[in-house]
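Input sequences plus hints: build the corresponding full structure.
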Amino acid sequence: MGITILIIIAVYFAVLLLISHVVSKKDSNNDAFFLGNKKSPWYIVAIGMLGDSISGVTFVSVPGMVGQFDMAYMQMVLGFFPGYLIVAFVLLPLYYKLNLTSIYGYLQQRFGLFSYKTGASFFILSRIVGAASKLYLIVLILQTLVFDQWHVPFYVTVIVIVALIWTYTHRSGMKTIVWTDALQTICLLAALGLIIWQVASKMGFDISQVADTIRSSRHSRIFVFDDWVSKQNFFKQFFSGILIVIVMTGLDQNMMQKNLTCKTLKDAQKNMVSYGFGFIPMNYLFLSLGILLLAFATQYGITLPDNPDQILPMLATEYLGMPVLICFTIGIIAASFSNADSALTSLTTSVCVDLLNVEKKDAKEARKIRGRVHLLVCIVFLLVIFFIDHINQTSILDTIYKAASYTYGPLLGLFFFGLFTRINIKDRFVPIVCILAPLLSYAFEYTLLHTLDYRVGYEILLLNGLLTIAGLLLLSKKGE
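Numbering (the numbering used here), first residue to last: 1285 to 1764.
Just so you know, the hints here were simulated from the structure itself, not pulled from any lab data.
Keep in mind that a hint or two might mislead.
What the hints assert, rightly or not - Just the calculated beta-carbon pair ranges, DEER-fashion: (1) Phe1373 / Leu1736: 32 to 42 Å; (2) Leu1382 / Asn1313: 14 to 24 Å; (3) Arg1706 / Lys1644: 27 to 37 Å; (4) Gly1477 / Asp1737: 38 to 48 Å.
Claimed, not checked - Derived DSSO-like pairs: lysine-lysine, alpha-carbon spacing no greater than 27 Å straight-line: (5) Lys1309 / Lys1761; (6) Lys1322 / Lys1381; (7) Lys1401 / Lys1554; (8) Lys1322 / Lys1710; (9) Lys1710 / Lys1761; (10) Lys1323 / Lys1648; (11) Lys1547 / Lys1710; (12) Lys1644 / Lys1401; (13) Lys1486 / Lys1323; (14) Lys1323 / Lys1381; (15) Lys1322 / Lys1550; (16) Lys1401 / Lys1381; (17) Lys1309 / Lys1322; (18) Lys1652 / Lys1486; (19) Lys1710 / Lys1309; (20) Lys1323 / Lys1710; (21) Lys1644 / Lys1323; (22) Lys1323 / Lys1547; (23) Lys1547 / Lys1381; (24) Lys1761 / Lys1322; (25) Lys1554 / Lys1381; (26) Lys1309 / Lys1547; (27) Lys1322 / Lys1547; (28) Lys1323 / Lys1550; (29) Lys1761 / Lys1550; (30) Lys1309 / Lys1644; (31) Lys1554 / Lys1322; (32) Lys1323 / Lys1761.
In this text, a Cβ means the ideal position worked out from N, Cα and C, and glycines have one as well.
Right under this line is the structure:
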């Protein structure tokens, strides 16, 4: 089994390397690395963004969460679509009008240098934690499937995988990633469909029986209106979904950088709307797979692991046969590579453009700096993954969204304040406000839990943003 998976990884990586070679031999300058020369077809970007958003964590965690939370995650997914519309018709026009390489350049034009550097720094922190968490889960699975059998240490596996990603991204960056991510999304969707088909075949189900099983399952509940305390309450999930998309897509250099590679604003908007719509049925399929896996386990009397992230990997490796294992391997590799490669590229872009101002340097020096930064970002990525492994997080998807609620809150506040007010502020104090807002949000969450037994969900993001806005109002210049 280990040899088979290793061959799959090798062939898959060879294809990515071939695409990288074809793309980068034409152009590997900074304009290609950062914005793909602004020549990307919108539909290719849209396909690739699906894979980037799904990630290996979704592939593993979303089917697993059905046993605990039914299909309530769809409430948040439904909230995602209005969020994508806001990004497409409010934020994208702004970014294209200002002709930005880094979207945080808007903060410098609106408020000043301190706000600009603060916004970029919060993105860098958020993206490193989020992307490293996602890649950690996938590396852990590959370690269990393959490398533990050969007594390869976990840290060696991590280093090799990050090195592979660096190999096909370091020359042309986003210009390569737009195409490799589209391929990886296609592989991921094919893997998902084949796994569902194989599970249904193992249970002796045809399409109508699969639909009946999903519909009649006690885990098929989507909407939760009757429990205001629960984090799964519809209003918490739906409005959190809107906010999460605005900040984790619209205010995220990683996701926006791909949009900015489109030729025109109209193309970028078509990409965003079509991608946002496609996200809904895709997540429903993942949750449906979760119900089928639970039904499969019940039918065959299989005891499932306590950690929901381990359900799909365990069934794929021990019970569903080699075809499913191959599809599962392709799916998680496609999802994890798609997410990690664009994260490393966008982090490199933000550090180079926002912190080191490479756009003001000559082309040769800027390219040299970019290469060094890209390597440094990979090293930091490794260190964060090692730290996550050390603290042994169990529910990675929840961890990522919760971290986003704290780290993206100040970005939400800064952009909202900039877009919807004309107030000028004392720029040098902005970093203090953006640090205090998450700390106060955490204190508020802790107090509610221990006094009223109220569990705050991802709506903490809204509070975080509101606290940032309140702090910015206090920084208003006299006479404003």
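Hint by hint, here is what the structure shows:
1. Phe1373 / Leu1736: 32 to 42 Å: At 38 Å between Cβs, range holds.
2. Leu1382 / Asn1313: 14 to 24 Å: 22 Å, holds
3. Arg1706 / Lys1644: 27 to 37 Å: 29 Å, holds
4. Gly1477 / Asp1737: 38 to 48 Å: Cβ of Gly1477 to Cβ of Asp1737: about 43 Å, so the range 38 to 48 Å holds.
5. Lys1309 / Lys1761: At roughly 52 Å apart (the allowed maximum being 27 Å), Lys1761 and Lys1309 break the hint.
6. Lys1322 / Lys1381: 14 Å, holds
7. Lys1401 / Lys1554: 31 Å, violated
8. Lys1322 / Lys1710: Violated, because 35 Å separates the two Cα atoms, which is more than 27 Å.
9. Lys1710 / Lys1761: 6 Å, holds
10. Lys1323 / Lys1648: 23 Å, holds
11. Lys1547 / Lys1710: Violated, at roughly 37 Å.
12. Lys1644 / Lys1401: 16 Å, holds
13. Lys1486 / Lys1323: 45 Å, violated
14. Lys1323 / Lys1381: Holds, at about 17 Å.
15. Lys1322 / Lys1550: Between Lys1322 and Lys1550 the Cα gap is close to 13 Å, so the pair holds against 27 Å.
16. Lys1401 / Lys1381: The given pair, whose Cα atoms are some 21 Å apart, holds under the 27 Å limit.
17. Lys1309 / Lys1322: Holds - the C-alpha atoms of Lys1322 and Lys1309 are around 17 Å apart, at most 27 Å.
18. Lys1652 / Lys1486: 54 Å, violated
19. Lys1710 / Lys1309: 47 Å, violated
20. Lys1323 / Lys1710: 39 Å, violated
21. Lys1644 / Lys1323: 23 Å, holds
22. Lys1323 / Lys1547: 5 Å, holds
23. Lys1547 / Lys1381: Holds, at about 13 Å.
24. Lys1761 / Lys1322: 39 Å, violated
25. Lys1554 / Lys1381: 17 Å, holds
26. Lys1309 / Lys1547: At roughly 21 Å apart (the allowed maximum being 27 Å), Lys1547 and Lys1309 satisfy the hint.
27. Lys1322 / Lys1547: 5 Å, holds
28. Lys1323 / Lys1550: Status holds; Cα separation ~13 Å.
29. Lys1761 / Lys1550: 37 Å, violated
30. Lys1309 / Lys1644: Status holds; Cα separation ~25 Å.
31. Lys1554 / Lys1322: Judged against 27 Å, a Cα distance of about 15 Å means the pair holds.
32. Lys1323 / Lys1761: 42 Å, violated
Of the numbered hints given earlier, the model fails hints 5, 7, 8, 11, 13, 18, 19, 20, 24, 29, 32; all others are met.
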